[in-house]
Amino acid sequence: MAKVEWPDRAESRAEMNATRTTCPFCLNGCTSGVEFNGVVHQMHYFTDAEVNKGRLCPRGNSANIVLDHRDRLCRPLLDGRDTTWSEAEALVRTWLAEVKPEELAVVYSRGRAADEVRRLHGLAEELGTPNLACGHIEPENCFNYRLEGVRDAGLADIESATAMLLVGDVFSTSPVASWRMLDARYKDRKNRMVVVDSVRTRQAGFAHSFVQVRPGTEPFALLALAALIESGLAPGVDVDRYVELAGVKRQQLEAAAAMLGPAMPGFVASAMHTGRVRHPAFHSLAGQLVARAGVKPFVGFRETELPSGPMRFADLRRKMAEGSIKLLFWTGGLFPFSYAELLPEAAKVEHIVATSIFRPEPPVRGLVLPLTAELERASAGRSYWGEVERSPLAAPLSGTRQFGRVLEWFGRAAEKPEAAVRPVGAADVVAMAARAVDAARSEAADDPDRVPNRVLLLGEKKAIGLRGFHDPEDEVSVNRADAERVEVSNHGYLMVKSPTAEREFRVRVTDAVPAGVMMVGTNVHANRCLFPLEKDELTGEVTVAPTPVSVEKTESMPVASGENPSVWV
Amino acid sequence: MKRIVLRPDYCIGCRSCEAACRSRFKGEARIRHGEVTTDALLPQGCRHCEEPLCAAACPFQVIVRNPDTGVVRKSDFHCVGCRSCALACPFGVIPPALMRHMSQKCTLCSDRPEGPRCVQTCPTGALQFTEDDRMPEKKAGVGFAVRSIHGRRLA
Ligand code: SF4
Ligand code: SF4
Ligand code: SF4
Numbered sequence: 001m002a003k004v005e006w007p008d009r010a011e012s013r014a015e016m017n018a019t020r021t022t023c024p025f026c027l028n029g030c031t032s033g034v035e036f037n038g039v040v041h042q043m044h045y046f047t048d049a050e051v052n053k054g055r056l057c058p059r060g061n062s063a064n065i066v067l068d069h070r071d072r073l074c075r076p077l078l079d080g081r082d083t084t085w086s087e088a089e090a091l092v093r094t095w096l097a098e099v100k101p102e103e104l105a106v107v108y109s110r111g112r113a114a115d116e117v118r119r120l121h122g123l124a125e126e127l128g129t130p131n132l133a134c135g136h137i138e139p140e141n142c143f144n145y146r147l148e149g150v151r152d153a154g155l156a157d158i159e160s161a162t163a164m165l166l167v168g169d170v171f172s173t174s175p176v177a178s179w180r181m182l183d184a185r186y187k188d189r190k191n192r193m194v195v196v197d198s199v200r201t202r203q204a205g206f207a208h209s210f211v212q213v214r215p216g217t218e219p220f221a222l223l224a225l226a227a228l229i230e231s232g233l234a235p236g237v238d239v240d241r242y243v244e245l246a247g248v249k250r251q252q253l254e255a256a257a258a259m260l261g262p263a264m265p266g267f268v269a270s271a272m273h274t275g276r277v278r279h280p281a282f283h284s285l286a287g288q289l290v291a292r293a294g295v296k297p298f299v300g301f302r303e304t305e306l307p308s309g310p311m312r313f314a315d316l317r318r319k320m321a322e323g324s325i326k327l328l329f330w331t332g333g334l335f336p337f338s339y340a341e342l343l344p345e346a347a348k349v350e351h352i353v354a355t356s357i358f359r360p361e362p363p364v365r366g367l368v369l370p371l372t373a374e375l376e377r378a379s380a381g382r383s384y385w386g387e388v389e390r391s392p393l394a395a396p397l398s399g400t401r402q403f404g405r406v407l408e409w410f411g412r413a414a415e416k417p418e419a420a421v422r423p424v425g426a427a428d429v430v431a432m433a434a435r436a437v438d439a440a441r442s443e444a445a446d447d448p449d450r451v452p453n454r455v456l457l458l459g460e461k462k463a464i465g466l467r468g469f470h471d472p473e474d475e476v477s478v479n480r481a482d483a484e485r486v487e488v489s490n491h492g493y494l495m496v497k498s499p500t501a502e503r504e505f506r507v508r509v510t511d512a513v514p515a516g517v518m519m520v521g522t523n524v525h526a527n528r529c530l531f532p533l534e535k536d537e538l539t540g541e542v543t544v545a546p547t548p549v550s551v552e553k554t555e556s557m558p559v560a561s562g563e564n565p566s567v568w569v
Numbered sequence: 001m002k003r004i005v006l007r008p009d010y011c012i013g014c015r016s017c018e019a020a021c022r023s024r025f026k027g028e029a030r031i032r033h034g035e036v037t038t039d040a041l042l043p044q045g046c047r048h049c050e051e052p053l054c055a056a057a058c059p060f061q062v063i064v065r066n067p068d069t070g071v072v073r074k075s076d077f078h079c080v081g082c083r084s085c086a087l088a089c090p091f092g093v094i095p096p097a098l099m100r101h102m103s104q105k106c107t108l109c110s111d112r113p114e115g116p117r118c119v120q121t122c123p124t125g126a127l128q129f130t131e132d133d134r135m136p137e138k139k140a141g142v143g144f145a146v147r148s149i150h151g152r153r154l155a
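Going down the list, the sequences are from chains A and B.
The letter at position 218 of the first sequence is residue 218 when you use the numbering used here, and the numbering goes up by one with no holes.
The letter at position 134 of the second sequence is residue 134 when you use the numbering used here, and the numbering goes up by one with no holes.
One or more of the hints may lead you astray.
As the list claims (entries may be wrong) - According to the in silico footprint, chain A covers these stretches of chain B (three or more CB under 8 Å from chain A):
#1 11–23
#2 83–92
#3 121–128
As the list claims (entries may be wrong) - Label-pair restraints from in silico Cβ distances:
#4 L98/B / T83/A: 52 to 58 Å
#5 E361/A / V80/B: 49 to 55 Å
#6 V421/A / F77/B: 55 to 61 Å
#7 R405/A / L98/B: 42 to 48 Å
#8 S160/A / F77/B: 33 to 39 Å
#9 L87/B / A515/A: 38 to 44 Å
#10 L87/B / N37/A: 33 to 39 Å
#11 P362/A / A57/B: 35 to 41 Å
#12 L87/B / K187/A: 43 to 49 Å
#13 H78/B / D71/A: 30 to 36 Å
#14 E244/A / A88/B: 57 to 63 Å
#15 R93/A / V80/B: 57 to 63 Å
#16 W85/A / D68/B: 52 to 58 Å
#17 E244/A / D111/B: 56 to 62 Å
Honestly, the hints are just simulated from the structure, not real lab data.
All residues carry an ideal CB built from backbone N, CA and C; glycine is no exception.
Kindly generate the complete structure, drawing on both the sequences and the hints.
Here it is, written out as structure tokens:
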């Protein structure tokens, strides 16, 4: 057969316009863009961008997938069935007329821009309801707790750093920011990087000093570190006690303290994942305390920053459980609202109005309204490095509406300024530590050997943007010793049972997790359900912490979870 | 001839390269993470070999190397999806899964004057598109290391 001949085609794309904006998926503020050829959207990389030089993380690379995704919601749903916008509006108006102001609750979560949150605060005031809460309960939202006297880090601080402290897996939270950190690390052989984490992540491999703490005890190690950097930080800081609680060696912390002293310019960065940290506000503040002791700026890596509402989410849960909420308006990310296993209280609410970009999976009771994606509207806000403006990357999908038009059904919704940051003093952090020690003591009394094959389950942030959105996440990381104990080998199967759910996983034997600890990704619904919502006794915030589970060897193949895009958008 | 080179010491395993390729081709990525030695997880892409075995194995000679650009390309139009190329590739970088009845092979993004997407998106600059396929010069005292999936230095 003759060889097939065809030319190498460098398609002429000079006339193709790429739309430019700031990526809305996290606060790193990368410049991202898409090209539209009349049929599909494709990513465009703007190499002149200051923050990211055209580089994007897996999530940022999914922007075009979001725009063209087959699971986009483009018609209102009533109890899982298609309905029309006019019927939806009529229904909302009827429900509103039925309920008293105190029976209405409004919750906002990830995906709502700052101006929209301000309008929701104005709306709650106008409607006269006290039930306005922030539903973004991922630990990262506790970076809103800010220690007085700590400066925000800028890009220049990272570039000129000689001493870096990374708490948690910063690289996987913001891969694009890691490039400057690695450049700083390699710039001079004297430069130092310290990593504090409970899991030996890939990031830990870049550290000069990797402080591996017991899961959930990062704040104790950090407080001890702060006290070692700044002796006389505060009376009541018992370094030896904290070192013991964190399960680390004092000498290692002393060495880290020497690396991070005030003489060295640098920064402290922190990241918190769902299912990975206990007491997130304390965690955030302890990192900031190290920054203050070492005279360094601080940056908390997160996807969004939302102010808490006048009502705590925990109190709203209680009201829902009592049945005193008749109409719930939930807008933004659907976690934990659409998780019946985690928030059974929602079943007691009579009428539900939710908004979504994707068709919710599993379906949500009540009314679900299709909104334009973040990429299809203009907004303004803050990134870690300063103010950003976002312009629409594409025209709104037919059938969707802008959030403001839905708000009009409820009321006038004039903007009401709302402070996002909760300031805290250093003495409060030390007091928090004392209370956390007591909490740790009562946990220790809860004998881990009582339940057979009991382990602590941690959450892991995995790369997303793959297979449409993310991998199936049907693997559990198991330490070698635990694998022997429960008699499973690599690629064997384990059933993990938590108080809220159970799921089968394929085993990956690894030294990344310590003995007694297992780890699963937390992007898919089935895995998130394994982590019950907890109330953080130190602050009253609801959070998702490491959770004790029992494990059992099984023989069967786990069923792939499929894709569930609503989990993270 | 330009090639994609990986600096393992900068790769953080974020899989952005994979995501960029996948978001373009809406399916299997043509650069994927694989285990190197027993433990290290690093991106693996097409080498665009001088004597490509995938091309030799293709019964319809659909895979052709362009001697000027060095790009080994496959004509999707003529591909019958027999998977011979996937089996023949000594580096295992052609995914065995078919998409729209065709095998998926890296084109070095030759539809794009700016160069490969995976390189352009790599957040740390670990992937480079360069004339020189040797490792970059070592800076004094700074070695290039291969890291395991959980961060240990292997070599
Ligand atoms: S790091 Fe954040 S801003 Fe940058 S591409 Fe990823 S999600 Fe978008
Ligand atoms: S060069 Fe293009 S086609 Fe090849 S692996 Fe990279 S992104 Fe994929
Ligand atoms: S994008 Fe770059 S840093 Fe991320 S996995 Fe690929 S080569 Fe490594």
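Report task. Compare the structure with the hints numbered earlier in the document and write down the numbers of the violated ones, lowest to highest. Result -> Violated: hints 2, 4, 5, 8 and 11.
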